[in-house]
Amino acid sequence: MKFNFLQKQTSRREMLRGSATLAGSAVLAHLFPTRLLRASAAGYPQQAPSDVLAATEAGLVAQAQSGKLEAFEELARHHGQLIYRTLTAILGNPADAQDAMQDTLLSVFKHIDRFQGRSKFSTWLVSIARNTAFQRLRRGKHFESLDEAVCNEERDFRPRQVRAWQDNPEELYSKSEMRQLVERGILALPLNYRVVVMLRDIQQLSTDEVARQLGLSVPAVKTRLLRGRLMLREWFSPHFANRVKGIAQ
Amino acid sequence: MITCEEFFAEFGDYLENHVSPEVCKELELHLSQCRACRVLYDSSRETVKIVTESISFELPETVSDPIIRSRHGEVANRPKLVRSKSTIISRNLFPPPLL
Chain A
1 MKFNFLQKQT
11 SRREMLRGSA
21 TLAGSAVLAH
31 LFPTRLLRAS
41 AAGYPQQAPS
51 DVLAATEAGL
61 VAQAQSGKLE
71 AFEELARHHG
81 QLIYRTLTAI
91 LGNPADAQDA
101 MQDTLLSVFK
111 HIDRFQGRSK
121 FSTWLVSIAR
131 NTAFQRLRRG
141 KHFESLDEAV
151 CNEERDFRPR
161 QVRAWQDNPE
171 ELYSKSEMRQ
181 LVERGILALP
191 LNYRVVVMLR
201 DIQQLSTDEV
211 ARQLGLSVPA
221 VKTRLLRGRL
231 MLREWFSPHF
241 ANRVKGIAQ
Chain B
250 MITCEEFFAE
260 FGDYLENHVS
270 PEVCKELELH
280 LSQCRACRVL
290 YDSSRETVKI
300 VTESISFELP
310 ETVSDPIIRS
320 RHGEVANRPK
330 LVRSKSTIIS
340 RNLFPPPLL
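First to last, the sequence lines map onto chains A and B. Residues in the first sequence are numbered consecutively from 1, following this note's numbering. Residues in the second sequence are numbered consecutively from 250, following this note's numbering.
The shape of chain B in the complex, shown without the other chains (with noise of 0.2 Å):
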C-alpha cells in the first residue's frame, strides 16, 4: 500500500479526478485503510462542493455604469447625450488609470 506522503503528492490530482485508473486504485485503497487521509479526503472534497455552489462574490445589481451613455440618450448623473466614442468618456469626471 502506499504511503500517506505518497497520497498526498496524489491529493490535488485525485480531488479533481485527473488520475489514472490504475493511480485511483492504490489511492482508494490507501483511503479504505488510513483513517486519517480519509478524513482529510472527504472534508477537502466537501470544500470544494461547498466553495463552488456557493455563488460567492456575485456583481451587486447597485452597481451601476458610470460610464457608459443609455441608447436612450439618458446618463446618470450626467448632462447631454454625445453618441461618438471620442465623447463617451468623460475623461475630467473619471480620469483613466495609466496603464
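If we strip away everything but chain A, and leave its shape as in the complex, we get (with noise of 0.2 Å):
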C-alpha cells in the first residue's frame, strides 16, 4: 500500500474546531486512554479542547521522537498544507514547493529529535521549510530575504485603482476560476507580501501567529498585509471593478 501523507489533511479550521480532527479519535484514544473521560464522569473540570490538541501533538512529537513511524505519519499529514504554503509562498511556484515537501519532510523527520519544544511544533517545522526553500532559492540565484531590515517596505505605496467595484464580484466567476485568480495574484505579489498574506489569509493564522511563524514583528507583519492585500486589490480590479469610473481622490 503507498503512503500518502496527504489523505487526511486537515486545515487549521477544522484543528480548531476540535481536537478530534488533528489526529482522529483512535490517537486521542491511544493518548488519552480513559483517564478524561472518566474525569468528565466525575465531575472535574475537563481540558479544553486547545490544551487537549497541544497535548495531543506533544504526544505525538514524543512518539516520532521515539521513532514511532506512524506519529510521524499523523504529524506530516497534519502539517502538510501548511509547510506546502509556506514553501509555495517563498518558492512562488507550486511545483518547485511540491518537489521541496520531500526535502522538508525528511530533514523534520532526520532531525526530530531536536525539536525540544520550546516554540510549537508547526513554528519548527514551518522554519525547517523555510530553510529548505532558501537554500533552492540560493541555489537557483533568486535569493531574496524576509528580515525586516532587507525589506523595503514601500511605506509611500498607495493604490491606484479608484474604480468601484461591482456588487458581488465572487458570482462573475466559478470557484475554480476565482481559485485560479487568486493564486496568480498572489504568486505575483513580491516574496516578502507573498508570504505574510499566504500565512495569514489563506492559511488563516492570526496576525501573532504569523509574526513567530516568521520570525518578524508583528507591525512588520501588519505593514506587509495591508500591502500585499492591498496589491492583490489591484490585481483583482480590472477583473471586478465598474465600466463607469468612480471619482478619482
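Quick caveat, the hints were computed from the structure, so don't treat them as lab data. Fair warning: this is a prediction, and the values are worked out from it, not measured in the lab. One or more hints might be untrue.
As the list claims (entries may be wrong) - Taking beta-carbon pairs under 8 Å as the criterion, some of the chain B residues facing chain A (in silico):
no., residue
1, Ser293
2, Thr296
3, Thr301
Think of the CB as a built atom: it goes at the ideal place given N, C-alpha and C, for glycine as much as any other residue.
Join the two chains, each given in its own frame, into one complex according to the hints.
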C-alpha cells in the first residue's frame, strides 16, 4: 500500500473545531485512554480543546522522536498544508514547492530529535520549510530575504485603482476560476508580501502567529499584510471594477 | 472629520476590525463622506473575502510521500521494509539537504 500523507489533510479551521480532527479519535483514545472520560464522568473540569490539542501533538512528537513512524505520519499529515503553502509562498511556484515537500519532510524526520518544545511544533516545521526553500532559492540565485532590515516596506505605496467594483464580484466567476485568479495574483506578489498574505489569508493564521512563524515583528506583519492585500486589490480590479469610473481622489 | 491620510493610517487595523469604537466611528463618518475611501474600503474588504474563501494552494493529492514506509511494509518505488528509524531514510536516493 502506498502511503500518502495527504489522505487526512486538515485545515487550521478544521483543527480548531476540535481535537478529534487532529489525529482522529483513535489517536486520542490511544494517548488518553480513559483519563478524560473518567474526569468527565466524575465532574472534574475537562481540559479545554486547545489544551488537549497541544497535549495530543506533544504526545505525537514524543512518539515520533522515539522512532514511532505512525506518529510522524500523523504529524506530517496534519501540518502538510502549512508546509506546502509556506514553500509555495517562498518559492513562488507550486511545482517547486511539491519537490521541496520531500526535502522538508526528510529534514524534519531526520532532525526531529532536535525539537525540544521551546516553540510550537508548527513554528519549528515552518523554520525547516523556510530553510529548505531558501536553500533552493540560493541554488537558483533568486535569493531574497524576509528580514525586516532588508525589506523595503514601500511605505508610500498607495492604491491606484479608484473604480468601484461590481456588487458580489465573487459571482462573476466559478469557484475554480476564482481560485486560479487568486493563486495567480498571490504568486505575482513580491516575496515579502506573498508569504505574509499566504499565511494570514490563505492558511488563516492569526497576525501574531504569522509574526512568530516568520520571526518578524507584529507591526512588520501588519504593514506587509496591508500592502499585499492592496496589491491584490490592484490585481483584481480590472476583473471586478465597474465600467463607469468612480471619483478619483 | 478626519482626512484621507488619517483614514489610511488606520486602514489596515480597520480591515481587521482591530480599532476602538471611537476610532471606528470616526472612520465610518469619513467613509460616509469620501467616495474614494469608500471605494478603496469596499474593494479591499471584497479582496480579503475572495482570498480567504478561495481555499487556494491546496496540497495536490497526487503528491505522495516517498520518504515514509507504510505500516504494511510496502514502499512506493522502494524495495524491502525495514521499520527501524535509521533505515527508513534512503540517503542514497534522497540525500537530505544541509540545514
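Next on the checklist: Checking each numbered hint in turn, tell me which of them this model violates, lowest number first.
Outcome noted: Those not satisfied: there are none.
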